[in-house]
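Enquirer: Sequence:
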Amino acid sequence: MTRMILAAAVALSLFAGAGVSSAASTEPTVAVSLGDSFIAGEGGRWLGNTTYDWGDRRGTDRAAVARRWYWRYIEETVYADTYATGCHRSDVAPILAADLAVDITINLACSGARTVHVRSSANGGQSYRGEPPQADQLAAVAAHHDVEVVVVSVGGNDLGFTDVIIDCVAGYLTSTRWAPNTCHEDQDAKLTAALPRAMADVAAVLADLRNILDSNGDSAARIILQSYPSPVVEATNVRFAETGWDRTARGGCPFWDADLEWANGSLIPRITAGLRAVAEAEGAEFLDLSAALKGHEACAASAQHGTGNDGVSAEWIRFVTTGLTQGDVEESLHPNAYGQLAIGRCIALAIKSDPAPDLCLNSPGASPHSMRLEPG
Numbered sequence: 001m002t003r004m005i006l007a008a009a010v011a012l013s014l015f016a017g018a019g020v021s022s023a024a025s026t027e028p029t030v031a032v033s034l035g036d037s038f039i040a041g042e043g044g045r046w047l048g049n050t051t052y053d054w055g056d057r058r059g060t061d062r063a064a065v066a067r068r069w070y071w072r073y074i075e076e077t078v079y080a081d082t083y084a085t086g087c088h089r090s091d092v093a094p095i096l097a098a099d100l101a102v103d104i105t106i107n108l109a110c111s112g113a114r115t116v117h118v119r120s121s122a123n124g125g126q127s128y129r130g131e132p133p134q135a136d137q138l139a140a141v142a143a144h145h146d147v148e149v150v151v152v153s154v155g156g157n158d159l160g161f162t163d164v165i166i167d168c169v170a171g172y173l174t175s176t177r178w179a180p181n182t183c184h185e186d187q188d189a190k191l192t193a194a195l196p197r198a199m200a201d202v203a204a205v206l207a208d209l210r211n212i213l214d215s216n217g218d219s220a221a222r223i224i225l226q227s228y229p230s231p232v233v234e235a236t237n238v239r240f241a242e243t244g245w246d247r248t249a250r251g252g253c254p255f256w257d258a259d260l261e262w263a264n265g266s267l268i269p270r271i272t273a274g275l276r277a278v279a280e281a282e283g284a285e286f287l288d289l290s291a292a293l294k295g296h297e298a299c300a301a302s303a304q305h306g307t308g309n310d311g312v313s314a315e316w317i318r319f320v321t322t323g324l325t326q327g328d329v330e331e332s333l334h335p336n337a338y339g340q341l342a343i344g345r346c347i348a349l350a351i352k353s354d355p356a357p358d359l360c361l362n363s364p365g366a367s368p369h370s371m372r373l374e375p376g
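For the sequence shown, position 179 matches number 179 in this note's numbering, and the numbering has no gaps at all.
Among these hints, one or two may not hold up.
To be verified - Simulated restraints, written as ranges between beta carbons of each label pair:
# : residue 1 : residue 2 : range
1 : 127       : 322       : 29 to 35 Å
2 : 194       : 53        : 35 to 41 Å
3 : 214       : 179       : 53 to 59 Å
4 : 366       : 245       : 28 to 34 Å
Claimed, not checked - Here are the simulated SDA-like pairs of lysine to any residue, each with C-alpha atoms no more than 20 Å apart in a straight line:
#  : residue 1 : residue 2
5  : 294       : 234
6  : 294       : 370
7  : 294       : 313
8  : 190       : 170
9  : 294       : 366
10 : 294       : 268
11 : 190       : 160
In short, the hints are calculated from the structure, not lab data. Even for Gly, the Cβ is constructed at its ideal location relative to N, Cα and C.
I would like the entire structure built from these sequences, with the hints used as guidance.
Expert: In structure tokens form, the structure reads like this:
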């Protein structure tokens, strides 16, 4: 397994850019990402959204390849061999997009991973999608590299993010405006019940990672815990009417306004606050991404479908899809290629500034490369 990890590391591009401080070492320096789909790169196939299902989907489908009179869709173009395993590590995953000043950048995150899949096997961690616990993989990397920084995104799957989405979408599709079947009351109660255990498990992951780094001589390595960007638009900024089929068929945002308000006003803020508290308690750094993609969500009135203008007015979140005509359903409500470039820029800014303001925001009317940090 060590040999596989090192081979993967060599296969990745070398990155040069803004500042990771390095201790004197003869080992190659490395930056590593661990965790779930929001850092693995799920959704990285897409440059915005469109309802047009043919060809390269008006320039939005990075997996589309023209073959004379027909088109092929080669997902491995974006996700390489991790498409088959389901980890879906994209070629524009945030840690790669960050363009860090290290010798090697390694993405060990895997879509669907929970804290138990990141924690080391010595501390009860479990293999996932055919791979050892991510902390074990980190230990193998640390044994032969000078680890500069580890960026972590985890906890969302412990809280049942997928179940929340399924419940809210199903409620929208199976009810009417006269009797809307909203999800927020049931899901808020479930969040309240699940949050303490999930945050305790995230804390255990951070402690485990610090112990591994210290044990391998990487005590100076930085650990950054990032939060989750809100995956849904604010109810006041939806460009499609709440009723009718446009939100579903055209926008890919089948949610009642009340559920959108809850997601942005309670769900994401509560998770963000929990993760921030865990990072502070464990001596890790924190990067608040909760508003990083604001104004570029699916259905946002301030964005539009496929634009080809470097993402300035594009949607940076993959819209909800069934997976029948475009890509995979798992990509729904994840940062697309533009969103991942934006988050990568946030990571780069956080690493360059030590200590840094921890709230990452985009600049209206600007590309994903124009992110900025402000005090949270």
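Enquirer: Hint by hint, say whether it matches the structure.
Expert: Here's how the hints hold up against the structure:
1. 127 x 322: 29 to 35 Å: holds (30 Å)
2. 194 x 53: 35 to 41 Å: With a Cβ separation near 37 Å, residue 194 and residue 53 satisfy 35 to 41 Å, so the hint holds.
3. 214 x 179: 53 to 59 Å: For residue 179 against residue 214, whose Cβ atoms are near 57 Å apart, the range 53 to 59 Å holds.
4. 366 x 245: 28 to 34 Å: Since the Cβ atoms of residue 366 and residue 245 sit about 33 Å apart, the hinted range of 28 to 34 Å holds.
5. 294 x 234: It holds: about 8 Å lies between the C-alpha atoms, which stays within 20 Å.
6. 294 x 370: Answer holds: residue 294 to residue 370 is near 14 Å, not above 20 Å.
7. 294 x 313: Cα-Cα ~12 Å, so holds.
8. 190 x 170: Judged against 20 Å, a Cα distance of about 17 Å means the pair holds.
9. 294 x 366: holds (12 Å)
10. 294 x 268: holds (12 Å)
11. 190 x 160: OK: residue 190 and residue 160 at ~9 Å, within 20 Å.
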